[in-house]
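Given only the sequences and the hints, what does the whole structure look like? Please build it.
These protein sequence lines are chains S and L, in that order. Sequential numbering of the first sequence, starting at 59, is according to the numbering used here. Sequential numbering of the second sequence, starting at 3, is according to the numbering used here.
Just so you know, the hints here were simulated from the structure itself, not pulled from any lab data. Note that the structure is a prediction, hence the values are computed from the model and not measured. Hints should not be assumed to be uniformly reliable.
[Said to hold, decoys possible] To spell it out: a stretch of chain S is covered by chain L in this simulated footprint if at least three of its residues, at any positions, have a beta carbon under 8 Å from a beta carbon of chain L; those stretches are:
#1 162 to 176
#2 182 to 193
#3 196 to 204
[Unchecked claim] With a straight-line cut-off of 25 Å between C-alpha atoms, the simulated DMTMM-like cross-links for lysine to aspartate or glutamate are:
#4 L:Lys116 <-> S:Asp184
#5 L:Lys228 <-> S:Asp184
#6 S:Lys199 <-> L:Glu122
#7 L:Lys220 <-> S:Glu165
#8 L:Lys283 <-> L:Glu243
#9 L:Lys138 <-> L:Glu179
#10 L:Lys137 <-> S:Glu168
#11 L:Lys84 <-> S:Glu169
#12 L:Lys177 <-> L:Asp118
#13 S:Lys201 <-> L:Asp92
#14 S:Lys162 <-> L:Glu160
#15 L:Lys138 <-> S:Glu169
#16 S:Lys125 <-> S:Asp161
#17 L:Lys105 <-> S:Asp176
#18 L:Lys284 <-> L:Glu243
#19 L:Lys284 <-> L:Asp113
#20 S:Lys199 <-> L:Glu250
#21 L:Lys79 <-> S:Glu169
#22 L:Lys229 <-> S:Asp176
#23 S:Lys141 <-> L:Glu122
#24 L:Lys78 <-> S:Glu169
#25 L:Lys84 <-> S:Asp176
#26 L:Lys138 <-> S:Glu165
#27 L:Lys229 <-> S:Asp181
We put the CB at the ideal spot given by N, CA and C, even for glycine.
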Amino acid sequence: MKKIVFLFLFIISNLALSAEAEADKMKKSLIGVKYFSEMMGNVHQNPSRYSQVLTTISCNHPVKVMKEVSKDGKEFVLFGEDKWHLVTVGPYVGYVMADYLTDKKNECFEEQYSKFFDGLNLDINDLYYWARLYDQYVQGKSKVRQ
Amino acid sequence: MMKATFFLIVGCLFYCTGTLLAETETKEPTETKEEKKEGGKDLLDFSSIKDIIKKDGLEGELKKKQDEKRKYLDNKKLQEMKRYNVPTQDVFWSFFSELWLVKNATTLKWDIHKPDFELEKSFTAFLESQGHFEKKIKILLMDSTEIAHAALPSNQDEYIFILSLPFVRTLDLSKVEISLLLFEDFVRIRKGYFKNFVLDKELENYLGSNFSGKPFDKKLIDAHLKKYNQLLFEKGFSFQEQFETTKEVDVLLKNDLKMWNTYLTMLEKIDNLVKTNTLYKKYNQIYPSPELQINWLKPKNSVL
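Right under this line is the structure:
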């Protein structure tokens, strides 16, 4: 009988803990829609250029930018050394470098010169590397003259 | 007598009836003619109101609609034509250099895990100290010794650098030294030697053109991609080009003697490496040569 009571208590406590953990999870909410600005790019599982790739997107692909709100009301918009946005792309929820997202649609090379781009006959391997290229670049811009 | 009177009356009656009938017969065709006339009048009236119809603006409306349709079709045709545009030089070079990087990804081995040296920060700070503002830089570290370092042709105010990680590690280059190495490439690419080597008359004419109704000239693109390989793997830069580059870096760094000395020390390190390490034996062929560069930099001993 004692064993049954202990087992019952154990299950109850576990359920209570998991419910608490669920409540501790950050709440995600939509900030707005942004557009991918580079030729090709990856949506990563974590805010790191080396983390697993969930999906690949091309220039002007719209992404839903999300923010996370903690239990104490703190808002998180940028992640991983403030370089990444949490985004929803189709069924995927992942991270895209903030520098590669713009508020307005961009003038994309492959849209402007669509037949030229098609003529290059880039295969899936090329497009994969093109997206990886934008993961691997370290980029910067010198300041405006003061 | 009675008979005669009877016949006279009957005769009169016949005469009167005949006269009456004759009158009605002659009257009937006159009426039909009038009716026909009326019908004719209808047709004539239509042609006479043509001008009035013209004035109601329907013909103008039709012309307007036709013009709109023509404009729409012309615009559609133009948009379709535009899709066959070949990029102009303004937007071509960054794309083309990236295409070369993509096509040579396995040779150059740039898709690797690498430490974050924050080179972009140190190099942009260096560029600012040299008075180069609003320059966008992209640095790609490679796990290959095939190319030690280079700047690739790119669009205006945009610079793409490739840098060998083994080269940096073997020489144990500091951030300042890396910045100086990249700065040398920056000066070299600004002088346009690379672009001039790749860009021949054929490519120059092709860029900015339209190939609607013609097949896409992939051979031309492939041939020019090979020119990148030719320059960076085999031919390299000429002595004259290297001399001009070194001299310009010399002038630009002269106002900061510490930096100038660091540049000289870095060249000595590279000179030593290429003379001792077989992995970098091709370096002198591509950038002739660190030894000469040192000689060009060092002040001449004046004989008194």
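Mind checking the alpha carbons of lysine 283 (chain L) and glutamate 243 (chain L) for me, to see if they're no more than 25 Å apart? 20 Å, holds
Under a C-beta cut-off of less than 8 Å, do 3 or more residues of the segment 162 to 176 of chain S approach chain L closely enough to confirm the stated coverage? Per the Cβ count (7), the hint holds.
Would the pair lysine 177 (chain L) and aspartate 118 (chain L) pass a check requiring their Cα atoms to be no farther apart than 25 Å? 12 Å, holds
Satisfaction of hint between glutamate 165 (chain S) and lysine 220 (chain L), Cα-Cα up to 25 Å: Given pair lysine 220 (chain L), glutamate 165 (chain S) holds - Cα atoms ~24 Å apart, limit 25 Å.
Checking one constraint from the list: CA of lysine 138 (chain L) to CA of glutamate 165 (chain S), max 25 Å. Satisfied? 18 Å, holds
For the pair supplied as a hint, lysine 284 (chain L) and glutamate 243 (chain L), is the alpha-carbon distance within the 25 Å limit? Holds, at about 17 Å.
For lysine 137 (chain L) and glutamate 168 (chain S), compute the direct alpha-carbon distance and say whether it is at most 25 Å. Given that 25 Å is the threshold and the Cα spacing comes to 24 Å, the pair holds.
Could you grab the alpha-carbon distance between lysine 116 (chain L) and aspartate 184 (chain S) and see if it respects the 25 Å cut-off? 21 Å, holds
Does the structure keep lysine 138 (chain L) and glutamate 179 (chain L) at a Cα separation of 25 Å or less? 20 Å, holds
Are lysine 162 (chain S) and glutamate 160 (chain L) close enough, with their CA atoms no more than 25 Å apart? Given that 25 Å is the threshold and the Cα spacing comes to 21 Å, the pair holds.
Holds or violated: lysine 78 (chain L) to glutamate 169 (chain S), with C-alpha atoms at most 25 Å apart: Measuring from Cα to Cα gives roughly 16 Å; hence the hint holds.
Quick one, are lysine 84 (chain L) and aspartate 176 (chain S) close enough, alpha carbons at most 25 Å? 14 Å, holds
The structure is consistent with each of the numbered hints, conforming to all of them.
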